[in-house]
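Asks: Sequence lines, in order, name chains A and B.
Numbered as in the numbering used here, the first sequence ends at 294 without a single skipped number.
Numbered as in the numbering used here, the second sequence ends at 604 without a single skipped number.
A portion of the hints provided could be inaccurate.
Now the in silico label distances, taken between C-beta atoms and shown as ranges [said to hold, decoys possible]:
(1) GLU373/B / LEU43/A: 37 to 43 Å
(2) TRP203/A / ARG408/B: 43 to 49 Å
(3) ILE324/B / ARG117/A: 17 to 23 Å
(4) LEU378/B / TRP203/A: 32 to 38 Å
(5) ASP367/B / GLY149/A: 35 to 41 Å
(6) ALA195/A / ARG517/B: 50 to 56 Å
(7) LEU186/A / ASN554/B: 55 to 61 Å
(8) GLU503/B / PRO119/A: 32 to 38 Å
(9) ARG28/A / ARG506/B: 16 to 22 Å
By construction, these hints were calculated from the structure, which means they are not laboratory data.
We treat Cβ as the ideally placed atom computed from N, Cα and C, and that holds for glycine.
Given next are the chains, with one letter for each unit.
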Amino acid sequence: MTAVVEEAGRPIDLGRRAAPRGRFTVGRTLRYLVLLLFVLVVLVPVYVLLVTSFKGPGDAAPTRAWNLPRVWTTANWETAWSTLSPAIARTVQMVVPAALISAFLGSLNGFVLSRWRFPGADLVFTLILFGMFIPYQAVMIPLNQLVLGLGVPSGVPSLILLHVVYGIPITTLIFRNYYMTVPQELIEAARVDGAGMLRTYAWIVLPISVPSFVVVLIWQFTSAWNDFLFAVFFSSSQNGPVTLALNNLANGALLQDYGVSMAGALFASLPTLLVYVLLGRYFMGGLMSGSVKG
Amino acid sequence: MATATRRRAGVRRAVRRAGAPLLLLLPSLILVGVFVYGLIVANARQSATDNHTAAQATGQAPTTGVGLRNYLDLLGSEEFQHSLTNLVLYTVVFLVGTMVIGFLWAWLLDKPLRGEGFFRSIYLFPMAVSFIASGVVWRWLLNSNQDEQASGLNRLFQMIGLDALQNNWWNNVSVGIVAIAIPAIWQLSGYVMALFLAGFRGIPVELREAARVDGASEWKLYRHVLFPQLSPIALSALIIIGHMSLKAFDLIMSISKPANYQTKVPAVDMYVFKSAFDYANAAAVGTILLVIVAIVIVPYLVHTHRQDKR
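Could you put together the complete structure from these sequences and hints?
Replies: Here is the structure:
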């Protein structure tokens with residue numbers, strides 16, 4: 001456990017052993033073969049998605065299910081985009097504030113819990129942590145009534161609130177673990193200079209937290225973007241995020257139009273995939289801190 | 295007199311020292327207190343009422359307490375027992391699948407290898423995709439049609455001469471839920487691989503060298519040196535995957551339908567009850583899920599908490 005937790009909250013490079021030199025051995029060739037086989041298996045859904053999304057309606061015969069399209073058409077892509085783009089815009093409006101606010105709250109909490117040891121600090125931390133493991137089904141009914149009672153409108157505003165509140169545990173965890181590794185002397189020096197806690201936070205701690213902020217922002221961005229559970233309970237197809245719109249698109253019609261829904265699935269996944277490709281190290285950082293979370 | 299003043303000053307200092315951090319924490323503490331713990335209690339209270347109709351849900355008809363009746367009814371019903379059986383099946387397959395494949399990938403990638411980054415990125419990418427999006431593709435793959443009508447994986451099996459492998463996937467009443475575990479394994483094996491790989495990389499090279507110098511065979515090296523070092527990571531992976539599995543919902547909604555008997559699990563039941571304005575039963579299912587998850591998570595949190603202290 002410890003090995004992983006200590007890494008939490010910073011970008012992670014899993015490292016790489018020096019590439020081997022010399023001739024191919026039987027063992028190594030075998031290893032490559034197995035690895036390549038797994039690559040093929042993992043990429044099967046990607047092939048299916050791309051091929052199906054470029055097929056026209058006349059190309060849906062089951063006998064040709066795995067074949068390339070007879071005629072390549074972008075009609076599905078156009079339909080999917082016009083259906084999903086309003087929901088994608090709403091998802092952006094929801095995810096950006098949700099990620100920013102929860103990163104800020106998490107950073108405050110993490111700082112306090114890592115530095116100021118008040119009696120019961122550990123217990124408070126564990127109690128907060130438990131909040132990220134609970135199945136949200138166990139609060140959903142009264143949560144619905146509470147959000148309604150508070151007068152928060154269904155859709156984007158409700159979802160921002162929920163992602164912020166239920167993001168507190170994981171963001172606190174990531175920042176706390178990161179701040180644990182900040183040298184105590186740095187904080188002490190500021191205190192000796194007479195800086196209060198807030199000023200220490202603003203001038204010393206915040207500037208060195210950039211990597212953790214990226215990790216947390218990416219984590220919150222990804223989980224809010226991919227969320228379906230809150231979406232289905234707190235929004236409708238008129239005001240909901242892209243997961244809900246995609247699910248309605250794919251499951252709505254009696255006759256499933258796989259071409260359109262597969263193109264839609266790619267549109268819905270593109271932002272998180274881009275983040276993964278471009279900021280992989282930070283993405284990993286969030287994943288690893290997940291080792292005391294889910 | 296002097297001691298009293300000093301004591302008062304001491305108290306004031308203690309309050310000030312604890313006060314500032316508490317003030318900063320307060321917004322989050324209140325939010326977590328209300329939204330997690332307060333609502334867990336509120337939910338448990340609703341689960342002990344006869345709030346089963348739309349009129350009651352909207353407050354137009356009164357509700358009365360029924361104690362644990364809803365729980366007894368649920369746990370006694372064949373329908374809900376089927377959900378629990380499905381949950382166990384799904385969890386076992388999901389856990390075994392991700393642990394075996396994740397470990398195998400990490401093990402294959404641990405030794406020096408050209409193109410390691412490429413393999414790693416491919417294996418891990420499904421993790422960045424939502425269950426809803428991957429469910430679209432997997433529903434196509436897990437199409438239950440067979441023979442002439444076959445599409446998806448069943449068609450692929452025919453094409454490579456493995457006709458015998460054709461089956462009706464998630465439409466099988468008793469083990470259909472296992473088919474839903476396949477995409478889940480596809481999505482999270484890479485995550486388990488990353489955990490194990492970080493574990494492998496965390497083991498000091500000297501430890502391996504020392505074992506080799508001592509003449510330990512490859513198997514002994516793993517058995518006595520590497521496995522013990524990896525076991526905390528294996529535990530983390532089990533906990534994370536296990537508790538994700540207990541909350542399974544998105545994939546089932548995306549591939550199957552909430553009303554489908556063969557793929558229902560407690561999280562889906564909860565949604566169905568809620569949609570039918572049966573708030574009492576929805577709340578009861580939620581609390582049952584919470585208890586199941588807590589049985590797994592609480593000992594783990596206590597355990598890591600103790601380790602942190604050491």
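Asks: Evaluate each hint against the coordinates.
Replies: Results of checking the hints against the structure:
Judged by the Cβ atoms, the range 37 to 43 Å given for GLU373/B and LEU43/A holds: they are separated by roughly 39 Å. Taken as a hint, the range 43 to 49 Å holds for the pair TRP203/A and ARG408/B, whose Cβ atoms sit roughly 46 Å apart. For the pair ILE324/B and ARG117/A, the supplied restraint of 17 to 23 Å holds, since their beta-carbon distance comes to about 22 Å. A hinted range of 32 to 38 Å is violated for the C-beta pair LEU378/B and TRP203/A, which are about 54 Å apart.
Separated by about 29 Å at the C-beta atoms, ASP367/B and GLY149/A break the suggested range of 35 to 41 Å. For the pair ALA195/A and ARG517/B, the beta carbons lie near 53 Å from each other, so the given range of 50 to 56 Å is met. Taking the beta carbon of each, LEU186/A and ASN554/B are about 57 Å apart, inside 55 to 61 Å as hinted. Under the hint 32 to 38 Å, the C-beta atoms of GLU503/B and PRO119/A, about 46 Å apart, miss the expected range.
For ARG28/A paired with ARG506/B, a C-beta distance near 19 Å keeps the hint of 16 to 22 Å intact.
Hints 4, 5 and 8 from the list above are not met by this structure, while the remaining hints are.
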